[in-house]
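A.B. asks: Keeping their order, the protein sequence lines are chains D and C.
Using our numbering, count along the first sequence one by one with no gaps and you end on 219.
Using our numbering, count along the second sequence one by one with no gaps and you end on 173.
Read the hints as simulated data drawn from the structure, not as lab findings.
Treat each hint with caution, since some may be false.
Stated by the list, open to error - Here chain D is said to cover these stretches of chain C; the calculated rule only asks that three of the stretch's residues, wherever they fall, bring their Cβ under 8 angstroms from a Cβ of chain D: (1) 69-80; (2) 115-121; (3) 124-131; (4) 141-149; (5) 162-168.
Claimed, not checked - To give an idea of the interface, some chain C residues facing chain D are shown, with a C-beta separation under 7 angstroms as derived from the structure: (6) PHE46; (7) MET49; (8) VAL63; (9) PRO66; (10) ARG99; (11) VAL137; (12) ARG154.
As the list claims (entries may be wrong) - Listed next, the in silico DSS-like pairs over lysine-lysine satisfying Cα-Cα at most 30 angstroms (straight line): (13) D:LYS81 / C:LYS73; (14) C:LYS155 / D:LYS181; (15) D:LYS158 / C:LYS167; (16) D:LYS196 / C:LYS73; (17) C:LYS167 / D:LYS194; (18) C:LYS160 / D:LYS158; (19) C:LYS62 / D:LYS87; (20) D:LYS169 / C:LYS76; (21) D:LYS201 / C:LYS62; (22) C:LYS93 / D:LYS175; (23) C:LYS160 / D:LYS81; (24) C:LYS62 / D:LYS114; (25) C:LYS76 / D:LYS87; (26) C:LYS62 / D:LYS158; (27) D:LYS195 / C:LYS93; (28) C:LYS62 / D:LYS169; (29) D:LYS87 / C:LYS73; (30) C:LYS76 / D:LYS188; (31) C:LYS155 / D:LYS158; (32) D:LYS72 / C:LYS93; (33) D:LYS196 / C:LYS62; (34) D:LYS150 / C:LYS93; (35) C:LYS93 / D:LYS169; (36) C:LYS77 / D:LYS139; (37) C:LYS73 / D:LYS195; (38) D:LYS194 / C:LYS77; (39) D:LYS181 / C:LYS73; (40) D:LYS114 / C:LYS73.
Since this is a predicted model, take the numbers as computed values, not measurements.
Note that CB positions come from ideal geometry on N, CA and C, so glycine has one too.
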Amino acid sequence: MAKRAVPEINAGSMADIAFLLLIFFLVTTTMNTDFGITRILPPPVKNKNATVDVKDRNVMKILINSHDLLLVNGKPGNLNTLAQDVVKFMTPHPNDSRYPEVKEEYFPQLGKKVMMTKGIVSLKNDRGTSYKMYIEVQNELAKAFDILKNQESIKYFGLPYKDLVGKKKKALINKLVPIRISEAEPENVGGGK
Amino acid sequence: MAKFKTSKKEESQSINTASLPDIIFMLLFFFMVTVHMRESTMLVKVTLPEASEVQKLEKKSLVSYIYIGEPVNTAKYGDNPRIQLNDAFATVADIPQFVARERQARPEAERSMLTFALKVDQNTKMGVVSDVKQELRKSNALKINYSTRKVTHTNY
Numbered sequence: 027m028a029k030r031a032v033p034e035i036n037a038g039s040m041a042d043i044a045f046l047l048l049i050f051f052l053v054t055t056t057m058n059t060d061f062g063i064t065r066i067l068p069p070p071v072k073n074k075n076a077t078v079d080v081k082d083r084n085v086m087k088i089l090i091n092s093h094d095l096l097l098v099n100g101k102p103g104n105l106n107t108l109a110q111d112v113v114k115f116m117t118p119h120p121n122d123s124r125y126p127e128v129k130e131e132y133f134p135q136l137g138k139k140v141m142m143t144k145g146i147v148s149l150k151n152d153r154g155t156s157y158k159m160y161i162e163v164q165n166e167l168a169k170a171f172d173i174l175k176n177q178e179s180i181k182y183f184g185l186p187y188k189d190l191v192g193k194k195k196k197a198l199i200n201k202l203v204p205i206r207i208s209e210a211e212p213e214n215v216g217g218g219k
Numbered sequence: 018m019a020k021f022k023t024s025k026k027e028e029s030q031s032i033n034t035a036s037l038p039d040i041i042f043m044l045l046f047f048f049m050v051t052v053h054m055r056e057s058t059m060l061v062k063v064t065l066p067e068a069s070e071v072q073k074l075e076k077k078s079l080v081s082y083i084y085i086g087e088p089v090n091t092a093k094y095g096d097n098p099r100i101q102l103n104d105a106f107a108t109v110a111d112i113p114q115f116v117a118r119e120r121q122a123r124p125e126a127e128r129s130m131l132t133f134a135l136k137v138d139q140n141t142k143m144g145v146v147s148d149v150k151q152e153l154r155k156s157n158a159l160k161i162n163y164s165t166r167k168v169t170h171t172n173y
């Protein structure tokens, strides 16, 4: 029997295939970054008995009970409209007693005084509230403050907040729209763990 | 007299690239392995909640993770939510020490920028999360991040 020559496989493109795989892995693994809602916790209280007096009209009270139901300013709330309600509440309304008080603040970067609301969003949850619901509410609050920031950003720079270039402009908007969320210590009404 | 054929044409020597794929494969395997090794072994089950208004966690070296969820091995550890720090179960009382250790591991100039990312299962009750938050407050670790999955719109 005649010896048949074994045909050689051309391995020239093997390196290219391996490169392709390598680049694929490099790209997909860096894309797997962590996302989340960043919040700054209030510093620890030194004097536990010291209470801060805040006028009732300046506070928007959001309560979440252990059955994941919302109570906004004493009325049952709806998650779908929460962001809009917060935007309405935090937009300065001078001379309207249904909305929080306003104060004028001078901004050297703008060269003029700007109406700032004194409103605070107070978020209180039960120990039995599920984390999912809590994040959904936090998400709605984040959405509301994003809307407010975009409004100010478009008013002064004509661009949405995320398209702003430069740290100074972003810092100014952050100063104009401070994230005023107060988190009360949770209660154990529902008897959760 | 041409007994010996002398080839006058000199071909340029080509480099043997037969081992190139091997080198690349080695690199590929290196990346595949190291990428998986970085995550600490999960002792708790964590399904992150969904949110749309999220920020990216910027500097990964300045993030410490706190996992809270139901233990993977429910037969051994029960199904109450537990806290995992690094590779071991922990209690709320261990958090100040954990914060101090994480701070120690960072260069001094960057310590103030340390973020604590809470990777909490969506079915966990807020009680344990609040305890952790209070403990973080007491240890002056105020920058926290609620880790979520990113969705373009929430479905409700």
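A.B. asks: Three residues or more, CB to CB closer than 8 angstroms: is that satisfied between the stretch 124-131 of chain C and chain D?
C.D. replies: Contact hint for the stretch 124-131 of chain C vs chain D: violated, 0 residues under 8 angstroms.
A.B. asks: Holds or violated: are the alpha carbons of LYS155 of chain C and LYS181 of chain D at most 30 angstroms from each other?
C.D. replies: Violated, because 40 angstroms separates the two Cα atoms, which is more than 30 angstroms.
A.B. asks: LYS158 of chain D and LYS167 of chain C: Cα distance at most 30 angstroms?
C.D. replies: Holds, at roughly 14 angstroms.
A.B. asks: When the nearest CB of chain D is found for VAL137 of chain C, is that gap smaller than 7 angstroms?
C.D. replies: 5 angstroms, holds
A.B. asks: With the threshold set at 30 angstroms, check whether the alpha-carbon distance from LYS62 of chain C to LYS87 of chain D stays at or below it.
C.D. replies: Distance of about 33 angstroms is beyond 30 angstroms: violated.
A.B. asks: Interface hint check: PHE46 of chain C, Cβ to nearest Cβ on chain D, cutoff 7 angstroms. Holds or violated?
C.D. replies: Check failed: Cβ of PHE46 of chain C comes no nearer than 10 angstroms to chain D, outside 7 angstroms.
A.B. asks: With a cut-off of 7 angstroms on the beta carbons, see whether ARG154 of chain C makes it to chain D.
C.D. replies: 5 angstroms, holds
A.B. asks: Confirm or reject the coverage of the stretch 162-168 of chain C by chain D under the rule of 3 or more residues with a beta carbon closer than 8 angstroms to the chain's beta carbons.
C.D. replies: Satisfied; 6 residues make the cut.
A.B. asks: Holds or violated: ARG99 of chain C as interface residue toward chain D, Cβ cutoff 7 angstroms?
C.D. replies: At 12 angstroms from the nearest chain D Cβ, ARG99 of chain C fails the 7 angstroms test, so the hint is violated.
A.B. asks: For LYS196 of chain D and LYS62 of chain C, compute the direct alpha-carbon distance and say whether it is at most 30 angstroms.
C.D. replies: Since the Cα atoms of LYS196 of chain D and LYS62 of chain C sit roughly 38 angstroms apart, the hinted pair is violated (cutoff 30 angstroms).
A.B. asks: Just to be careful, I want the Cα atoms of LYS76 of chain C and LYS188 of chain D compared with a cutoff of 30 angstroms; is the pair within it?
C.D. replies: Cα-Cα ~19 angstroms, so holds.
A.B. asks: Would the hint linking LYS93 of chain C and LYS169 of chain D be met if the CA-CA limit is 30 angstroms?
C.D. replies: Violated - the C-alpha atoms of LYS169 of chain D and LYS93 of chain C are around 41 angstroms apart, more than 30 angstroms.
Comparing the model with each earlier hint shows violations of hints 2, 3, 6, 8, 10, 13, 14, 19, 21, 22, 24, 25, 27, 32, 33, 34, 35 and 36; every other hint is respected.
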